[in-house]
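K.L.:
Protein chains in written order, with the working numbering: chain U, 5 to 276; chain L, 20 to 376; chain D, 11 to 322.
The hints are simulated quantities; they were obtained by calculation from the structure and are not laboratory data.
The beta carbon of each residue, even a glycine, is placed where N, CA and C say it ideally should be.
Incorrect hints may appear among the rest.
Claimed, not checked - Simulated crosslink set (EDC-like; lysine to aspartate or glutamate; CA at most 16 Å straight-line):
| no. | chain 1 | residue 1 | chain 2 | residue 2 |
| --- | --- | --- | --- | --- |
| 1 | U | K45 | D | D170 |
| 2 | L | K199 | L | E229 |
| 3 | U | K45 | D | D181 |
Stated by the list, open to error - Negatives, chain U to chain D, calculated, CB over 12 Å:
| no. | residue |
| --- | --- |
| 4 | S40 |
| 5 | R102 |
| 6 | L105 |
| 7 | E169 |
| 8 | E170 |
| 9 | P193 |
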Amino acid sequence: MTRFALGRIGFATLIAVLLAFFTLPLLWLASAPLTSDPTYKVAAPDLTWENFRTILEHPYALPSLYNSLVLSAGTALLVVLLAALAAYALSRVRLPGRDALLYVLLLLSSIITGTAAMVPLFQLAVDLRLIDSRLGLILILSGGLLPAAIFMLKDFMDSTPESYEESARVFGASPLQIVRHVVVPLVRPGLATIAVWAVANVWGNFLMPFLLLRDVEKQPAAVIMYTLYTEGGQADLRLLSTFGLLYSVPVVLMYLIVSRKYGFRFHGGIKR
Amino acid sequence: MMAAIELRGLTKVYPGGVRALDHLDLAIPDGEFFALLGPSGCGKTTLLRTIAGLETATGGAVVIGDRDVTGVQPGGRNVAMVFQDYALFPHMDVSDNIAYPLRVKKVARAARRARAAEVGARLGLEHLMDRRPGRLSGGQQQRVALARVMATQAQAFLFDEPLSNLDARLRLEARTFLKKLQRDLGVTTVFVTHDQAEALAMADRMAVMEAGHIRQIGTPAEVFRRPANTFVAAFIGSTPMNLLDGVVRDGRLEVAGCALPVPSSAEGLLADGERIVYGVRPEYNAYASEPAEGALGGKVAIMENLGASHLVTLDVNEVMVQVVVPEGREPAVGDQGYAVPRRDRALVYRDGELVTG
Amino acid sequence: MAPPATPADLGPPPAGGERGHRHSVDAAGLGRLRAGAFTAPALALIAVFLVFPALWVLYLGLTDYRLTGVAAAEPRIVGLDNFLAALANPRFWGSTWLTVQFVAGSAVAGQAVLGFAIAWLLRDRRGPLRRIVEGLVILAWILPSAVVAFLWVALLDPSDGTLNAVLGLTDVAWLIDHPMLSIIVFNVWRGTAFSMLLYAAALESVPPSHLESARLAGASSRRQLRDVVFPHIRGHVLTNLLLISLWTFNDFTPFMLTAGGPDGRSEVLAVHVYIEAVRNGSLGYGAAISTIILLINLVVAVCYLRLLRSRR
Ligand SMILES: Nc1ncnc2c1ncn2[C@@H]1O[C@H](COP(=O)(O)OP(=O)(O)OP(=O)(O)O)[C@@H](O)[C@H]1O
Ligand SMILES: [Mg+2]
Numbered sequence: 005m006t007r008f009a010l011g012r013i014g015f016a017t018l019i020a021v022l023l024a025f026f027t028l029p030l031l032w033l034a035s036a037p038l039t040s041d042p043t044y045k046v047a048a049p050d051l052t053w054e055n056f057r058t059i060l061e062h063p064y065a066l067p068s069l070y071n072s073l074v075l076s077a078g079t080a081l082l083v084v085l086l087a088a089l090a091a092y093a094l095s096r097v098r099l100p101g102r103d104a105l106l107y108v109l110l111l112l113s114s115i116i117t118g119t120a121a122m123v124p125l126f127q128l129a130v131d132l133r134l135i136d137s138r139l140g141l142i143l144i145l146s147g148g149l150l151p152a153a154i155f156m157l158k159d160f161m162d163s164t165p166e167s168y169e170e171s172a173r174v175f176g177a178s179p180l181q182i183v184r185h186v187v188v189p190l191v192r193p194g195l196a197t198i199a200v201w202a203v204a205n206v207w208g209n210f211l212m213p214f215l216l217l218r219d220v221e222k223q224p225a226a227v228i229m230y231t232l233y234t235e236g237g238q239a240d241l242r243l244l245s246t247f248g249l250l251y252s253v254p255v256v257l258m259y260l261i262v263s264r265k266y267g268f269r270f271h272g273g274i275k276r
Numbered sequence: 020m021m022a023a024i025e026l027r028g029l030t031k032v033y034p035g036g037v038r039a040l041d042h043l044d045l046a047i048p049d050g051e052f053f054a055l056l057g058p059s060g061c062g063k064t065t066l067l068r069t070i071a072g073l074e075t076a077t078g079g080a081v082v083i084g085d086r087d088v089t090g091v092q093p094g095g096r097n098v099a100m101v102f103q104d105y106a107l108f109p110h111m112d113v114s115d116n117i118a119y120p121l122r123v124k125k126v127a128r129a130a131r132r133a134r135a136a137e138v139g140a141r142l143g144l145e146h147l148m149d150r151r152p153g154r155l156s157g158g159q160q161q162r163v164a165l166a167r168v169m170a171t172q173a174q175a176f177l178f179d180e181p182l183s184n185l186d187a188r189l190r191l192e193a194r195t196f197l198k199k200l201q202r203d204l205g206v207t208t209v210f211v212t213h214d215q216a217e218a219l220a221m222a223d224r225m226a227v228m229e230a231g232h233i234r235q236i237g238t239p240a241e242v243f244r245r246p247a248n249t250f251v252a253a254f255i256g257s258t259p260m261n262l263l264d265g266v267v268r269d270g271r272l273e274v275a276g277c278a279l280p281v282p283s284s285a286e287g288l289l290a291d292g293e294r295i296v297y298g299v300r301p302e303y304n305a306y307a308s309e310p311a312e313g314a315l316g317g318k319v320a321i322m323e324n325l326g327a328s329h330l331v332t333l334d335v336n337e338v339m340v341q342v343v344v345p346e347g348r349e350p351a352v353g354d355q356g357y358a359v360p361r362r363d364r365a366l367v368y369r370d371g372e373l374v375t376g
Numbered sequence: 011m012a013p014p015a016t017p018a019d020l021g022p023p024p025a026g027g028e029r030g031h032r033h034s035v036d037a038a039g040l041g042r043l044r045a046g047a048f049t050a051p052a053l054a055l056i057a058v059f060l061v062f063p064a065l066w067v068l069y070l071g072l073t074d075y076r077l078t079g080v081a082a083a084e085p086r087i088v089g090l091d092n093f094l095a096a097l098a099n100p101r102f103w104g105s106t107w108l109t110v111q112f113v114a115g116s117a118v119a120g121q122a123v124l125g126f127a128i129a130w131l132l133r134d135r136r137g138p139l140r141r142i143v144e145g146l147v148i149l150a151w152i153l154p155s156a157v158v159a160f161l162w163v164a165l166l167d168p169s170d171g172t173l174n175a176v177l178g179l180t181d182v183a184w185l186i187d188h189p190m191l192s193i194i195v196f197n198v199w200r201g202t203a204f205s206m207l208l209y210a211a212a213l214e215s216v217p218p219s220h221l222e223s224a225r226l227a228g229a230s231s232r233r234q235l236r237d238v239v240f241p242h243i244r245g246h247v248l249t250n251l252l253l254i255s256l257w258t259f260n261d262f263t264p265f266m267l268t269a270g271g272p273d274g275r276s277e278v279l280a281v282h283v284y285i286e287a288v289r290n291g292s293l294g295y296g297a298a299i300s301t302i303i304l305l306i307n308l309v310v311a312v313c314y315l316r317l318l319r320s321r322r
């Protein structure tokens with residue numbers, strides 16, 4: 005009995021510590037935007053809407069959120085579509101050297117997100133006339149995310165039994181029909197997970213849009229957040245916290261919707 | 020609509036060198052219910068999958084109807100297959116599952132649902148039409164898989180152990196059901212099983228396979244009564260056949276130290292001094308407690324209860340001989356007993372093959 | 011009618027009566043050609059926007075390319091000079107050592123262990139508790155890094171920060187006094203979700219009957235973990251470690267908390283590259299270090315893959 009009770013107490017304590025660890029940093033984001041003159045201190049807010057009004061008046065704040073939306077939705081769509089097709093083919097057909105290829109690409113993708121690739125990417129964008137082009141940025145971002153997306157999706161695909169596809173095939177389904185009717189529905193949680201992952205990645209990406217979009221009207225929230233931080237020398241906590249909150253809400257909403265609808269998990273898991 | 024299936028010299032070698040089918044010839048006439056029986060790993064699934072086109076033949080030809088389909092994609096062969104795990108799509112309800120073959124052919128949704136309802140009703144699935152497979156029992160899943168196959172109006176059905184996931188009772192029910200269904204539809208059906216009772220009970224004709232070869236083709240009665248070789252003899256039958264080494268001597272057979280008359284099927288076909296294998300099913304042995312002419316005599320070593328009868332194992336000069344003894348006449352372990360083979364049912368094998376006129 | 015047996019049976023299938031005889035043997039009936047078509051768009055994008063710039067980085071590492079000045083216009087090939095300079099630079103070695111600490115502390119010991127612990131604690135719970143804990147952990151993962159970094163700056167502020175308030179401390183400037191500890195804990199907070207999700211899925215793939223039979227045999231939790239769970243999820247563990255190690259190795263977010271300071275005490279390699287290449291304008295030198303990072307990543311990946319292959 006005592007062991008059981010101790011176990012329960014231990015479990016409760018652990019969970020409490022975990023909750024505290026993961027909640028503590030978030031408190032400020034909840035309180036500061038509603039406080040008239042916020043400091044770094046977390047205090048009971050006086051529930052003012054003034055900060056939100058100021059942000060709404062900011063010429064680039066709201067449009068930047070729209071820009072972020074376009075960029076991340078476009079990239080997620082492209083990444084999920086291309087990665088799903090590629091992962092499926094790689095999972096089902098033994099192409100020569102496929103494993104080595106995946107690992108090499110995965111390694112290269114980590115270098116390309118690094119700062120040293122800034123210059124080549126910039127020059128490439130200039131040469132291909134992709135500066136200030138949202139489509140260009142989407143293509144570049146997709147290129148960086150695709151290897152990891154393929155890598156993760158392939159494991160989803162590997163863990164779905166082949167007899168479903170064989171069955172569909174005997175009934176005369178073409179490969180594309182099999183993908184649409186059978187494979188996509190079966191790995192939908194995986195696709196949803198990859199989509200959220202891609203959106204979150206692009207939504208937070210500062211370096212690439214900062215580098216490749218000159219036009220302030222096209223710049224996404226990450227860049228605007230940075231300008232809010234630096235303009236005027238002193239950080240304006242009111243604007244920053246409020247914009248930070250607005251900037252965070254869409255990804256949180258997306259996560260909630262996706263996790264309710266498809267389940268947000270790596271079912272089957274990523275294993276090799 | 021229906022069609023015969025013919026396999027000519029069909030060979031399948033898997034990458035890695037496993038020869039799962041070896042120059043296999045087989046002709047299944049139109050409308051026949053054909054069972055493929057054999058031990059695990061003998062190539063039954065491979066044969067079925069090669070007919071369906073899921074495996075590419077390494078050599079030989081598959082002919083369905085009058086069309087050589089060896090090089091045709093599975094979808095183009097107009098056959099339908101039930102997989103061992105049924106392969107029902109977990110994300111579609113029963114109705115969509117049944118109508119999936121029509122969806123592939125781009126039939127309109129309303130027509131698909133109507134056809135699914137029609138086929139579903141025929142198999143008693145009306146009240147399950149909008150459930151997902153995950154919420155069906157094994158027997159219900161099996162019927163959905165059958166319904167899906169029926170919805171295709173294919174030329175031939177291929178079943179890979181469709182009953183093996185059912186419990187013993189359901190399996191008996193499904194057996195009767197499936198046989199009746201096949202009768203009614205009259206579609207050529209190839210049915211894989213490793214349960215010989217299933218094959219004997221359901222098939223019009225059957226084949227027994229071993230290691231990529233067919234060892235015997237015939238009606239269940241033929242295969243049961245006159246196994247063409249010792250492999251089939253040992254494999255078929257709920258109680259395995261007694262296969263006893265013997266020698267021909269003075270017009271009689273000397274088996275386990277006893278003298279037996281030559282079975283009628285081998286009469287006049289044996290030479291003196293020849294080594295043979297004497298085969299008789301335990302069911303075709305009569306049991307006697309008194310010495311008898313042409314009997315195998317020994318001590319009762321083991322008694323096994325088969326329900327309405329007993330399987331008695333006699334130790335005949337250190338050779339084990341089995342007899343089925345009807346209810347009420349069971350001996351006790353240690354008794355002296357005699358097995359009297361029926362002359363018209365006993366068989367003789369020479370070099371593993373049946374001696375027959 | 012049947013052709014006689016020939017050794018040629020082992021070769022490709024004989025020509026059939028109809029076209030498309032050499033159809034594929036994979037479950038989907040894709041065949042190499044279609045599989046190629048399915049992968050081609052992704053590979054094309056990757057080739058142009060990933061492989062090509064990456065190779066360019068490798069090339070830049072061999073030049074004296076600079077952001078400004080003469081060498082900006084006409085970079086010269088200098089061979090391995092940049093690499094030799096890096097190897098002679100104590101700052102580079104310092105950064106490497108800090109990166110090792112960062113990866114070992116925040117990815118391997120932090121995210122992987124914490125992620126597994128959460129997945130294990132919640133493994134057979136359903137309902138609100140699990141949803142809340144998982145939701146919070148995932149929240150930390152999907153919030154934009156600019157926001158997250160800012161939240162941590164607020165949390166760790168010496169005078170007004172929540173952490174000091176909670177611990178009852180005054181004037182501990184975490185980011186200045188303990189910069190490495192700060193970014194390690196930050197990265198654990200930030201990245202645990204991935205490991206948690208992966209291990210949750212992995213644990214679901216352990217057949218309950220295996221755990222039950224271990225429990226019936228009287229195995230303690232630790233024994234169950236060691237004898238039943240771990241052998242089963244070995245592949246997951248190694249993939250997880252590989253991915254989070256790579257990601258952490260190349261993570262630039264610490265810059266937003268400490269800017270590599272104070273005095274280079276939290277200047278991990280990703281930050282080091284930024285400071286050298288962009289701040290100091292030595293693009294060639296930065297690219298060389300990127301190449302070295304790539305090589306280290308390669309070694310790490312090969313080690314993990316070796317471990318994964320062995321005993322399987
Ligand atoms: N994809 C494959 N690759 C290599 N060898 C295979 C493959 N599939 C089956 N085999 C081998 O081919 C032989 C025949 O296998 P098959 O599955 O046809 O047997 P089966 O008669 O259906 O057995 P069971 O009753 O156990 O289902 C076996 O030796 C098997 O190991
Ligand atoms: Mg089989």
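K.L.:
For each hint, tell me whether it holds in the structure or not.
P.N.:
Hint by hint, here is what the structure shows:
1. For the proposed pair K45 of chain U and D170 of chain D, the alpha carbon gap of about 5 Å is at most 16 Å, so the pair holds.
2. The suggested pairing of K199 of chain L with E229 of chain L is violated, with an alpha-carbon distance near 29 Å, which exceeds 16 Å.
3. Taking the CA atoms of K45 of chain U and D181 of chain D, the gap is about 13 Å. The hint holds against a cut of 16 Å.
4. Every CB of chain D is more than 12 Å from the CB of S40 of chain U (nearest about 16 Å), matching its label as outside the interface.
5. The non-interface label for R102 of chain U is inconsistent with chain D: the shortest C-beta to C-beta separation is roughly 9 Å, within 12 Å.
6. Consistency note on L105 of chain U: stated as away from chain D, yet its beta-carbon is not over 12 Å from all of that chain's, at 9 Å minimum.
7. With a closest Cβ-Cβ approach of about 5 Å to chain D, E169 of chain U is found to fall inside the 12 Å limit, against its non-interface label.
8. With a minimum CB-CB distance of about 5 Å to chain D, E170 of chain U fails to clear the 12 Å threshold, and the non-interface call is violated.
9. For P193 of chain U, the condition that its CB be more than 12 Å from all CB atoms of chain D is violated, with the nearest at approximately 10 Å.
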